[in-house]
Each structure stands twice: as C-alpha cells, then as structure tokens.
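J.: Starting from the structure of chain A, add chain B where the hints point.
As a plain string of letters, each chain reads:
There are 2 protein chains.
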Amino acid sequence: MILTVTLNTALDITYRVPSLRPHTSHRVTEVTERPGGKGVNVARVLAALGHEVTVTGFAGGATGRVVREKLAAAPGVVDALVPISGATRRTIAVVDERTGDTTQLNEPGPTVTPTEWSAFQEAYEDLLPSASAVALCGSLPPGVPVGAYAGLVRTARSFAVPVLLDTSGEPLRRGVAARPDVIKPNADELAELTGSYEPLRATQDARRRGAHTVVASLGPEGLLAATPEGHWRATPPTPVRGNPTGAGDAVVAGLLSGLVEHLPWPARLTRATALAAATVRAPVAGEFDRGAYEEFLVRVSVTSAASAA
Amino acid sequence: MILTVTLNTALDITYRVPSLRPHTSHRVTEVTERPGGKGVNVARVLAALGHEVTVTGFAGGATGRVVREKLAAAPGVVDALVPISGATRRTIAVVDERTGDTTQLNEPGPTVTPTEWSAFQEAYEDLLPSASAVALCGSLPPGVPVGAYAGLVRTARSFAVPVLLDTSGEPLRRGVAARPDVIKPNADELAELTGSYEPLRATQDARRRGAHTVVASLGPEGLLAATPEGHWRATPPTPVRGNPTGAGDAVVAGLLSGLVEHLPWPARLTRATALAAATVRAPVAGEFDRGAYEEFLVRVSVTSAASAA
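In order, the protein sequences belong to chains A and B. Per the working numbering, the very first residue in the first sequence carries number 1180; after that it's consecutive. Per the working numbering, the very first residue in the second sequence carries number 1180; after that it's consecutive.
Here chain A stands alone, though its shape is the one from the complex (with noise of 0.2 angstroms):
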C-alpha cells in the first residue's frame, strides 16, 4: 500500500451563501463535509486510481470522530489515524453564489503532547514495512517539533521506503536536508526554500540542499522537475479554468502511483499534470474530473527542460 501521513487532519466544511457580506448574517444554503488535510486528499485520489492507500497522521474530539467515520465511508482509504487529546481542525470555506469566490477560515488545530507524537512514531513505523511509498504532507499542528519530517524522511530511507515530502518553511528546509526522494513545491515554497524565482535555478539549487528529486507546481504553467534522470517541463494542453484547489494534492498523488508503478519519468509528469489540470476542472473543489483526466492524458505536453547551471 501507499502510506500518507497528514499530522494536521481536518474536515473541510464547505459552505454556499448567496451573497458574503460582512458584519450581516447569513443563511447557508448548502452544507458539505469531507475528511481533509492534504495527505487525506492524496489519498483520495489515489484511491480513485485503484491503488490501495493508507492514511495516518492525528485526529481527536469530536471533530475527529467526524473525520473517522467518513473516511471508513470513503471506498479504499485505510484509516490508521493516532488519536489524540485535542480536537480536530474544521477548515470552513465559504463560497458566495454571486461571484463564485471562496472565503477561507482555517482553525489553528489542536496542540500535540509529546507522549501522542511518540505514539505517532511508534504507529509509523509499524506501517513503514508494509508500504510502498509514502507521502508527508502539509503543515505541522502545534507541539510537533519543526524537525518532525526530517525524521520521519530518515525513518522512511531506514526502512528503504521511497519518501515524497510536501510541506514548506522551516519543516520542509529541514525536511530536504534528511534527503528526501522527491519534493513538490509550489513556487512560492520553493522560493522561500532557496531564495530564487527563477524556477530552473531554483528547483537545482533544492536538489543541492538534499532532495533527490524536485518536481515544482507552477500552477497554470504545469510541472518542472529536476531529476538524476534529467529536467523536464510538463505543460497542460490550454489554460484551464476552474478551482485550483486540491489540484497540488492531485500532483502529489500523481507523482506517487508514477514512482510505484516504475513508470519513466516523463509519464509520471504527463499523469500529476492530467490529475492537477481535471482538479482544476471538476465542479466540486478537490475532486478530479475522470473524463477530463483521460482526455488531457493524451494532451499534456512534457518536453525536455535545459539545465540552468
């Protein structure tokens, strides 16, 4: 199986209102629930390509139960989440009819005791033999050391387990350091990480600081990666409009069954840029759209990318 581990679950609320006015009160008239956080979306969408998955990471209180229940509910997810004192995240999107926007409130997640982040090791371990490949995704909740992924990168490698890390900051800094397989930053994290906009110096310099491989979402652009193997450039057939989120988890999840199945490099950019573009595309945030999926699979344009150095 596919092991993900998400230290800061949620459930992700999604609310519809007419109109988002400020200091008024409104009626939702929609209400939509689902587990998230974002190795819990990777896992969603792994799933949905028929692979077996596996999520771990943390949920407690009553807001967990929520996430537990669902995710028994959600066909090919295996729950092996670490439960813990506190409660829950709730993330709330608002969206509003009118022009279509989202309104974000993210609740700060509860804080983790050191007994349950040793608890959490101990679980990961257990799991580490049977997985193929992991992925460590998203922020760190309170409490967890920021070193937190870079031993869990290092577990990973002790256990010979190829490991993807997404997250940014100072965990993915010391993340990358541990030597990670491959990394997915977006633009912005990769240029936090090495103080360059320039994606193609950028993504090099990351691979100098530890990781194997880089592959950076460039949004609209697609996908740079920066491999042993060579660089390459994955490119969506046209501008696609739509809700870009999720459509980075997509990338993840993408990147994953690639690297389990053995497939070259090139074919696991064409197959994270098909899922992150029919994210994009599907009605419900964080969902892909199979139909479109299949058909940028054929369109998606991956070319050779010069190296920068």
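Don't read these hints as lab results, they were simulated from the structure. A hint or two may mislead.
Any copy will do: because identical chains look the same in the list, a pair fits if it lies in one copy or spans two.
[As the list claims (entries may be wrong)] Lysine to any residue pairs mimicking SDA-like chemistry, simulated, CA-CA at most 25 angstroms apart:
id, residue 1, residue 2
1, K1249, R1478
2, K1249, V1210
3, K1249, G1229
4, K1249, S1264
5, K1249, T1270
6, K1249, S1318
7, K1249, W1296
8, K1249, A1298
9, K1249, A1227
T.: Only chain B this time, still in chain A's reference frame:
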C-alpha cells in the same frame, strides 16, 4: 422545573480573526463552542439564577452529540433532547478583532421527519406534568408543521402549565391564536404580527389576537408590557454598550423566573430588563455579567404606561 423547548438547537461556534476580508484565507486565532438555540440560551440564564431547568427539542448527528456532551457539563441544566437522524445545525459567528463586528453564518438545520415530530410531542407531554412553566423558543426546523407552536401552546394549557412563546412570522401568528400566557416579540416581530410599529397600539392588538400578556423588547429602550393587570415600561438606567446577542433570551429567562416566583409584573420586568442589560454588557456574547445585573436591578425604572385605546 422550568421547561424550555428549542426545536432548532444549534452548536454556536465563535471564531476570532484579526480582520475579515472576503475572498481571502484566514487563520482563526480563537475558537469557542457552546450549545445554542434560543431555548438553550434561556435555560443557561435560568440555571445561573438558581432554577432547575430542563431543555427539550431535537439533537442529532455529530453536532448533536457535541451539544449533548456540553449540556451534560453545564451546571443545572437537564438534557431531555429527542434524538433525530439529521444533524443539528452549526452557527458560526466570525468576530473581526479590528472592528469588533460580527459576521454570522447559520446552517439551515436538519429536516425533522413526521415520526420524529410525533416522538417529540410525546416527550413534551411526559415532561409537562413536572414543569412549573414552559418556554417555546425560536424558529422551526424544516419538516416541523408551521402550526407546531399553536399545538404545543394548547397542550401546555391543557396541563395548566403557563406557557411563554418567543418566535416570529407565521409560527408566532398561529401560536398567538392558541392563547399563550406570554409572548415576547421584538419591535420587528410585533410589527409583522400586527402591522403596527407603534408599540403601545401593537402590544394591545397582539393581546386581542390571543396573547394574555405581551412583553415587547424594544432594544435600548427596554420593555413594554401589556398585561391583564396593566401596562408598564421598563427602561435601563443609561444606554448600555456592548453585544446585544442573547439579550432577548435573557428577557425570556427573567420573565419566566419571575412568573414561577409569582413576582408582581413590575418586579418581573425589572429583572428581565436588568438581565438583558447585563447580557449586553458582558464580554462573552450571550452570557450575563452578574455584577452588572445586580447593579442594574436597583437602577431599572418601571413606569405605568397609558393605554393606547
């Protein structure tokens, strides 16, 4: 005990954000949750005044579980909520720390099935013999017939239990015709019922429609009561600055507690006005400030009001 009925219970969530800006992402700095819905709020004030109080209505789903857990932890409030299959609604108050303003997002609430509505009516009849008074509070959830309060008023009267009705629109219009002991409309609700924004005229018209006593809550201007024993105005000493959330529920609690203690009307109105002012003054929305309450108790002025007839 005093019985309060909240057919549309809620989990009231308050988010503090540094500044609410539509179509951007916000990190919530503080999350508070408490059981809500008007009758639940009334019960909390009654319990704080030392009364035994039982809450009934509906609770369901994960949010209903949280409401019940929190009620179990609330001193002096007995939970007699009736389980339903739908999920209890959430309300979210987003407080902008820069301006102090609140943006409200209210979920619509679950649909109550005919079987669940019947189960509630049975539970209500089982509770009435132990009740010294009953308050019927708030909006009706989908699935509950619009004449619901009229029926509940008649049932209370058949058990000779004094009944206060605090709702609006068509449920109020129908409820009034069933001859409740007290209604407590605000100026808008009273105008919708009677067609008049002239409070003295409107309260008397509402009495002619069936309410034995009408206590109109007029915001900063206090209360206007039209009773079989006379007409009174109760006014807070000075304009009270703060958050009016829950002031109406505090009025209901003041009136009910005065009723079961057989206080004369001026004393009931003094208590209700002081509680409302102390609720506006309190730092936490919907709570009342006990020191301010005791201070206001001796400073509220109650004067006889001339009849408009």
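J.: Hint by hint, note whether the structure agrees.
T.: So, going through the hints one by one against the coordinates:
Taking identical chains as interchangeable, the C-alpha atoms of K1249 and R1478 are never at most 25 angstroms apart, the minima being 35 angstroms within one chain and 55 angstroms between chains. For the homomeric pair K1249 and V1210, the shortest alpha-carbon distances inside one copy (15 angstroms) and between copies (23 angstroms) are both at most 25 angstroms. Only within a single protomer do K1249 and G1229 lie at most 25 angstroms apart by alpha-carbon distance; the minimum there is 19 angstroms, versus 42 angstroms between protomers. For the homomeric pair K1249 and S1264, the shortest alpha-carbon distances inside one copy (19 angstroms) and between copies (16 angstroms) are both at most 25 angstroms.
Taking the shortest alpha-carbon separations for K1249 and T1270, both the intra-copy value of 16 angstroms and the inter-copy value of 22 angstroms come in at or below 25 angstroms. Within a single copy, K1249 and S1318 get their C-alpha atoms as close as 22 angstroms, which meets the 25 angstroms cut-off; across copies the closest is 30 angstroms, which misses it. In this assembly of identical chains, K1249 and W1296 lie within 25 angstroms of each other by CA distance solely inside one copy; the values are 24 angstroms within and 28 angstroms between copies. For the identical chains of this complex, K1249 and A1298 are intra-copy neighbours only, at 23 angstroms inside a copy versus 28 angstroms across copies, given an alpha-carbon limit of 25 angstroms.
Taking identical chains as interchangeable, the C-alpha atoms of K1249 and A1227 lie at most 25 angstroms apart only when both belong to the same chain, with a minimum of 16 angstroms there against 38 angstroms between chains.
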